[in-house]
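Could you build all of it, start to finish, from the sequences and the hints given here?
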Amino acid sequence: MSKTPSDVVLLRVLREKSTGTVAVFEKTDFFGIYDEDAMLVAREIFKSEVGVKRIQIGEKRIPYISMGGGQYERVIRELLIVLRYRVQLYKAVNNTWELKCTGTAGNMEDFEEIGELGREAASLSLVSICFPRTRKIHGTVAAAIIDPSTLRITYAELEDDSGLSHLEQCVISTNAKEAIIVGDAPSDRLSLIKNLLRRSNVMCTIMKPKPMEKTHLFRLLKDEEKEKISPLSDDLVCALSGCAEYMKLLTPGWASKFTLHDYQNGRFMRLDSCAVKAFELFTPSSNVNGGMQATVYSTLNKCKTVAGQKLLKEWLARPLCDERLIQERYDCIEALIKSSSLLKNLHSSHLDKLPDLSFLARRLLRKKARLLDCYRIAQAIRKLTPMREIVLQIANASPDCSSAVKDILLLPIVWGCEQFKDLVECVDQVIDDSNVKTNGLRIKPSISPDLQKIANKLTEIDKRAKRALSKICDGLGSGIKLDMSQHGYVYRVTMKEEKQIRGASGIKIIDGGKGAGMRFKDSILDSLNEEFLEVNAEYLRAQKELEDTTVEICATYAGALSRLSSLLAVVDVLVSLATVATSASKVHVRPTIHPLGSDQFNIKNGRHLVLDFLLPDYIPNDVNLTDTRALIVTGANMGGKSTYLRSTAIISILAQIGAFVPAESAELSIVEAVHARVGASDRLSKGVSTFMSEMLECAKMIKTSRKNDLLVVDEIGRGTSSFDGFGLAWGITAELIKNVGCRLLVATHFTELAQMNDPPRVRAIKFKVMMHDSLTLLYKAEEGVADQSLGIHVARMVGIDEETLALGQKEFIRLEKIEKLKKEEKQAILNATDANLREVILNSTTF
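Number 778 in UniProt numbering belongs to position 778 of the sequence shown; there are no gaps in the numbering.
Hints may contain errors.
Okay, derived cross-link-like pairs now, EDC-like style, lysine to aspartate or glutamate, Cα gap no bigger than 16 Å in a straight line [claimed, not checked]:
# : residue 1 : residue 2
1 : K17       : E36
2 : K544      : D450
3 : K466      : D526
4 : K91       : D110
5 : K367      : E545
6 : K780      : D617
7 : K368      : D110
8 : K383      : E418
9 : K383      : D352
I should point out that these hints are in silico values taken from the structure, not numbers from a laboratory.
Shown next, in the form of C-alpha cells:
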C-alpha cells in the first residue's frame, strides 16, 4: 500500500520523537494517537485495550486510538499532570502534519484552555539549571525560576557541594514540576542531578544553550528592574535565557512585565527530599484510614484560590527563619481567630467567590482574553469592597495585632480597590450584562449609533416573540414560558402541563426533562429565530472593534492583576491557617518563638497535625530539648516512636511558616534546617540495597547538618547484622551529638544506645506499655529506657498464627539465655582474682 505525504510525516514523527514524548494528531473532528503511544494511553489512562484498533500505513500495521473532545482533554490532562510525559500536538494542514503546540509537566501554557490544566498551569514552577563551563573545587551552580502566574523571575547562585544539597532545596522549595539543564554539565554532576530530580519527582529536560545576551532579558523586565540584571554572571544569564526561551516568553506579549528577585537561601529553613517525604508534607507514603489526603499540605489547605494553594505549598517547602516575619503572621492568625464569625464569612462567602486572577492575567498577556474575562475581573474587584470592611472590623477587634492585619491583609485589598477603579468604571460603561444568563455579554448599544440600530432590531424581534407567546397561551394555556438564549427563542412548560402540548398541531418538541420541563417551538418561533440569529450575528460583528478595544484597555492592567493575585494569595493562606486552627477539635496555640541559636525547645502535649484530625482519641506527648541536645527514644514496635519524631518535626515546620501548632503550648527556637532519616527502600535500578540507601542518607546528613538544625533519625543500622548495626548507630549518633551539636531525636531498638546517656546533653525516653494477659500500647512517653521491644507480642496483635509465634518465642528464649550466660561469664572474668583467673577462663563457654 502506498503512503501519502501525511503518512510519511506521521511515521517520521513517531520514529524520531523521544520515548518520553507522546504525539497526538488532530484531525477535523477527532484526535488520533498511534503506535506505542496508543498502547500507553490504553493501558495507563483508559485501563483497557478495547478501544485500540489497527491501521495500515504503507507497509506498517500499527495500533491507534481515536478520541473525541472529552477523551482528548482527559488524555492530555493525565499525560501532563499524572504521567509527566511531554505532549506534542500535530494538526493536519495541506496533506501533511504540522506541530501546533507542545506541553510538559512544567510548561502547560499551550494547553491551558483545557479547564483543569489552566488551573494547574497557574501553580506550576519550572527551574532552569546551568553549570559553570570551568568546574572549580568550590564552585557554584546557577539556577533560575520564572513564574508567569506572579510575573516573578528568581535567580540563585548555589554552592556546588558534593551532594548538591542547596540545589535540591531550591528545587523542593519552588515546587518545580520540571527542571531544564542548559548546556553541558560534567558527567558526574549530570548523573547526580538526575538522581536528585528523580527523588523529588521532577521531570528533567536537557537543553542546548543558544547565544543569549543580557539585552534579550531586558525585554522581560519592567523598566525599574532592568538595572538588576547587569551584575549577573554569564551562567545566570544562560540559565535565565534558557528558561525564558523554553517557556516561550521572549515574545512581545511578555515584554516589560516581570520583576527580578534574589533567591536568598539563608533566610529560609532548609528541607531536603528525605524530610519532605518522611513527614508526608505533600505526598502520603501510605493511605491513612483509606484516605489519599492524609498529608500536612492537604490538612492545612482550606485555600479558596489557586494562587493561595500554590503559595501554601511554597510556605511549607520553605519555612521562614526571620523571627519578625514569623511573628507578623502569628498576629494575623490570632486576630482572625479572635473574630471567628468574621473569619468564617471571609473564608466561605468572599474568598470562595474570587475567580483565578492569575489565569485571567495570563489570558490578557497572551491576547486570548474576551469580553467575559474583562467582566469577571470587574466582578472580582467589586467583591473586594465587602472584604475590606470585614478585614477592617477584624483589625479593630484586635488592637494588639492590628498593625500586622492592616499591613498584610487590609492594605492589599485597599490597593486593589483603588488600582482597578478605572477598569471597573470602563467595564460598567461598555459592557451590557442585562442578558448575561440568556444571550451572553455584549457591548452597550448606546455607545455606537450603528449598534443602537441593530439593537433596535433585536428589541423588535423580542416584542414579536412575546406577542407569539401571548397568542399560543390563548390557545394552549397560560402556563407556557418564553426562554431565550444565543441560539434563539423556545417555549417551555412544566412536566405537569406537557400533556396538553403534545397533542397540539404545529408543535415541534425539542426536549423534555423532569428538571427543566419540556421545551418546544412552532413555525412562528422558527421564523423569528432565523431572523434573530442573523441580526445577532450582525451585532457581534459590529461590536468586534469595540470589544477588542475594551480587552486592550483591560490588558494594560495585566501586571497589576498578577500582583493582586499574589497579594490576595497571602490573605487566602492566612485565612486558611486560621480556619484550620479553629476547626480542630483540640486546641492549636500560638508558639513562643525564639531567635536562631537560642536553647529553648519545649512542646507541651504536642500532637501530629494529620493524625489529630483523623484520630479523635490521639494521645499527645511532651518534647523537651531546651537543656538537651538529643533524645534517645525506645519502646515497643507500633508504640508511637516514629509518630513522636514526625510530630516534633512537623510542629517545628508549622511554627516557622507562621501557623498555630497542635499543642497545649510550644516554646521553640528557630531551626535552620530539618533533616530526616526515616525508613529506607531498595533502589534496585541503581544496585543500591536498603542498607546502602540508609548509609547514603546518613552520610549526607552528617555532611550537611549544622548546630542549629533539627535531625530526626528512625532506626539506624537495622539493615545489617546486630553488632554492625549497633556499632554504626552508636558512631553516627555520637558524631551528630558531639561534633555537629545539632538537636537530635533518635528512635531505636538498640536500647544500649541509652548508655550514651550524658546529662544534660543526652536523655532517654521510652513509650509505656501495659502487660497483663495481652499487650496494651499506651502511646505515652516517659523518662527511661524500654527493657524489651515486644516484637512477638505485636506480631500476635496483628494476627500471626500461634504456631509461628511459638517457634519464634522458643528461639528468642534460647538466644536470650545465651546472651545472659555471656554477660555472666564476662562479669565473672572481670571479678576474678589473679589466682583463679585461669580457671574461670577455662570454664567459660565464651572462649
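Which hints, by number, does the structure contradict?
Hint check: nothing fails, all pass.
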